[in-house]
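So you can see what is in the structure, the chains are spelled out below.
2 protein chains.
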Amino acid sequence: MKAISNRYIIIRTHINGAPQESDFELKTKALAPGSDDTVVRNVYISIDPYQLNRMKNKDESQKASDFSSAITPGEEIDAYGVGRVVASGNPDFEKGDLVAGLLIWGEYSVVKAGGMLRKLDPMGFPLSDHLGILGFSGLTAYGGLFEICKPKKREKVFVSAASGSVGHLVGQYAKLFGCYVVGSAGSKEKVALLKDKLGFDDAFNYKEEPDLKAALQRFFPDGIDIYFDNVGAEMQEAAIANMNMFGRVAVCGVISQYTDAGKRAAPDMFAVVYKRIKIQGFLGVDNMNVYEDFMSKTCDYLRSGKIHSLEDISRGLESIPSAFVGIFKGSNVGKKIVQLTEE
Amino acid sequence: MKAISNRYIIIRTHINGAPQESDFELKTKALAPGSDDTVVRNVYISIDPYQLNRMKNKDESQKASDFSSAITPGEEIDAYGVGRVVASGNPDFEKGDLVAGLLIWGEYSVVKAGGMLRKLDPMGFPLSDHLGILGFSGLTAYGGLFEICKPKKREKVFVSAASGSVGHLVGQYAKLFGCYVVGSAGSKEKVALLKDKLGFDDAFNYKEEPDLKAALQRFFPDGIDIYFDNVGAEMQEAAIANMNMFGRVAVCGVISQYTDAGKRAAPDMFAVVYKRIKIQGFLGVDNMNVYEDFMSKTCDYLRSGKIHSLEDISRGLESIPSAFVGIFKGSNVGKKIVQLTEE
Numbered sequence: 019m020k021a022i023s024n025r026y027i028i029i030r031t032h033i034n035g036a037p038q039e040s041d042f043e044l045k046t047k048a049l050a051p052g053s054d055d056t057v058v059r060n061v062y063i064s065i066d067p068y069q070l071n072r073m074k075n076k077d078e079s080q081k082a083s084d085f086s087s088a089i090t091p092g093e094e095i096d097a098y099g100v101g102r103v104v105a106s107g108n109p110d111f112e113k114g115d116l117v118a119g120l121l122i123w124g125e126y127s128v129v130k131a132g133g134m135l136r137k138l139d140p141m142g143f144p145l146s147d148h149l150g151i152l153g154f155s156g157l158t159a160y161g162g163l164f165e166i167c168k169p170k171k172r173e174k175v176f177v178s179a180a181s182g183s184v185g186h187l188v189g190q191y192a193k194l195f196g197c198y199v200v201g202s203a204g205s206k207e208k209v210a211l212l213k214d215k216l217g218f219d220d221a222f223n224y225k226e227e228p229d230l231k232a233a234l235q236r237f238f239p240d241g242i243d244i245y246f247d248n249v250g251a252e253m254q255e256a257a258i259a260n261m262n263m264f265g266r267v268a269v270c271g272v273i274s275q276y277t278d279a280g281k282r283a284a285p286d287m288f289a290v291v292y293k294r295i296k297i298q299g300f301l302g303v304d305n306m307n308v309y310e311d312f313m314s315k316t317c318d319y320l321r322s323g324k325i326h327s328l329e330d331i332s333r334g335l336e337s338i339p340s341a342f343v344g345i346f347k348g349s350n351v352g353k354k355i356v357q358l359t360e361e
Numbered sequence: 019m020k021a022i023s024n025r026y027i028i029i030r031t032h033i034n035g036a037p038q039e040s041d042f043e044l045k046t047k048a049l050a051p052g053s054d055d056t057v058v059r060n061v062y063i064s065i066d067p068y069q070l071n072r073m074k075n076k077d078e079s080q081k082a083s084d085f086s087s088a089i090t091p092g093e094e095i096d097a098y099g100v101g102r103v104v105a106s107g108n109p110d111f112e113k114g115d116l117v118a119g120l121l122i123w124g125e126y127s128v129v130k131a132g133g134m135l136r137k138l139d140p141m142g143f144p145l146s147d148h149l150g151i152l153g154f155s156g157l158t159a160y161g162g163l164f165e166i167c168k169p170k171k172r173e174k175v176f177v178s179a180a181s182g183s184v185g186h187l188v189g190q191y192a193k194l195f196g197c198y199v200v201g202s203a204g205s206k207e208k209v210a211l212l213k214d215k216l217g218f219d220d221a222f223n224y225k226e227e228p229d230l231k232a233a234l235q236r237f238f239p240d241g242i243d244i245y246f247d248n249v250g251a252e253m254q255e256a257a258i259a260n261m262n263m264f265g266r267v268a269v270c271g272v273i274s275q276y277t278d279a280g281k282r283a284a285p286d287m288f289a290v291v292y293k294r295i296k297i298q299g300f301l302g303v304d305n306m307n308v309y310e311d312f313m314s315k316t317c318d319y320l321r322s323g324k325i326h327s328l329e330d331i332s333r334g335l336e337s338i339p340s341a342f343v344g345i346f347k348g349s350n351v352g353k354k355i356v357q358l359t360e361e
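Listed in order, the protein sequences are those of chains A and W. Sequential numbering of the first sequence, starting at 19, is according to our numbering. Sequential numbering of the second sequence, starting at 19, is according to our numbering.
Not one of these hints is a red herring.
Because identical chains share one entry, a pair is satisfied inside a single copy or across any pair of copies.
Straight-line C-alpha distance at most 20 Å; calculated SDA-like pairs for lysine to any residue: (1) LYS231 - ALA284; (2) LYS231 - ALA279; (3) LYS76 - LYS231; (4) LYS213 - PRO239; (5) LYS281 - PHE346; (6) LYS76 - MET263; (7) LYS215 - ILE331; (8) LYS213 - PHE237; (9) LYS231 - LYS281; (10) LYS76 - GLU255; (11) LYS281 - ALA259; (12) LYS168 - ARG294; (13) LYS76 - PRO239; (14) LYS76 - GLU93; (15) LYS76 - ALA232; (16) LYS76 - ASP41; (17) LYS76 - ALA259; (18) LYS76 - GLY241; (19) LYS74 - ALA259; (20) LYS45 - THR31; (21) LYS168 - PHE264; (22) LYS76 - ASN262; (23) LYS281 - GLU255.
Treat the hints as calculated values from the structure; they're not laboratory data. Every value quoted in this text rests on a predicted model; they were computed, and no experiment measured them.
The shape of chain A in the complex, shown without the other chains (with noise of 0.2 Å):
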């Protein structure tokens, strides 16, 4: 194999609040995968907030509580992505493969045996879509609203960043069982498009409501049974205070807490005794146990077009810092996706 010379995205340092631009730095190396490695093409990378938590500078009890490593400044970048197999040493692929795993902020990724890597069937939907609702955005939208809240048909379900990776597909899954279903997003034509064309009951611009509480319970006069919280901070707060007897609260993202650490909710503890609300941390990869059942389904509403992904694609390796500071601006609509080559 000739010399590749791979071009990837690093942090210059440990980031701690809202990310900039210029925290982030374009290298050049020349790929040395090992006599086993796997290399390859990187097609689509996912641009996800968890990124940001691995960049922050943080204390040993801190690093205990997290999910995945930390990022080191000046260092590769992983990330899920898609892409095709140039050259391998483990036998498992071979040259032309089309894969999916872990890859790398980059144009090339290097994986070992044993990396997170397994080959992809596209099974007749574009790449992209494995890595947003046939992926672990719609596995964790599906688990969370599935396993965690365990929805009953016409209950009410409040879904904030609701055209968000993840929210748009809760949304869609939950009016698909049979609920009742109203997202908040961040402009009008968030709105519009949750309306409009996802199919929600209502929708509403939460910048536009100096009263959260007050909005939610003009939203849900009866009350809220289930809310998916991407969010946290106030919206919670409000949330849980409009929240019916045994509501459960299935908290998914925390994106008002990425880039400040002091905005955190507060929930009416007694709100949450008297009316046995359950709040449930979660992770898509929890729910592997569902994984057959999310892929046959959610295959199923594709093809019969009662889903609808969204997706937000930026184009080449000089995109994705911007990508990655416009998803804590609300930038994105769906799905943050940069396309690193043709497919």
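Chain W: place on chain A using the hints.
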């Protein structure tokens, strides 16, 4: 039946904030039972923090989320208790019957047919046990621990307000089940009681710990699996910060928030997500499905001396206001009860 003059306690006005003895008043009124009512001479009356919530001046939205009706200034205050029937027009009860149910903070109670009242078989145990360890406190402790937290042997359990009516039972159930148990309480004497009499593995005085997070790290070097929360606020935050993966928080009480509505727990929702923590509010009455199990196990433990019930009994109707005010100051040790007459 000759006319009985009943003495009872009322609130003068709604109480917002910490209660004062001057908020209460003793009133006298002739009993006027209806033809099918039951008149009970109250023997023991339960003094519980949740009553304060019923005494608050609330707006409609708060009322809707409350689990029991408001207490009206000037009116009788219902409370769980045990007593003896002195007259009954209800065929289910006759004079001399021992009964347990919803009585009032008074010397006598008039219970309507269909009211919450049942004949009480003391089964050889002191009558007061039926308000505490064999009553709702016990069921709350048992159900909260086993149904909400689902402990495994050798798991690490932290109990706050551990010398309180529910806490001291939770710790003992957890020990008997095979867990490692640490409790927090508000005095040296209470701490000694937990360790020396109740068999807690360890205990500490939270008032002597300026940094609760560091304190819990000291007592749980391997982390907390289960937190039985009776207090809320900073203690809940500190417990969640020290929690292991898949930790469970049973929110039973919010003593810190009763007298100061602004005192809220604002746990790190990142930790909740990454550690997949469950925070679950509940009430004792939710656990009627394990009532038989709770009663048979607890009676066995009591008979064999494996569990100890802490009771703090004041005497006489006049002591009710100070008894009630005291539970918000941590004056009580174990279940707070007022005895109104001899058994």
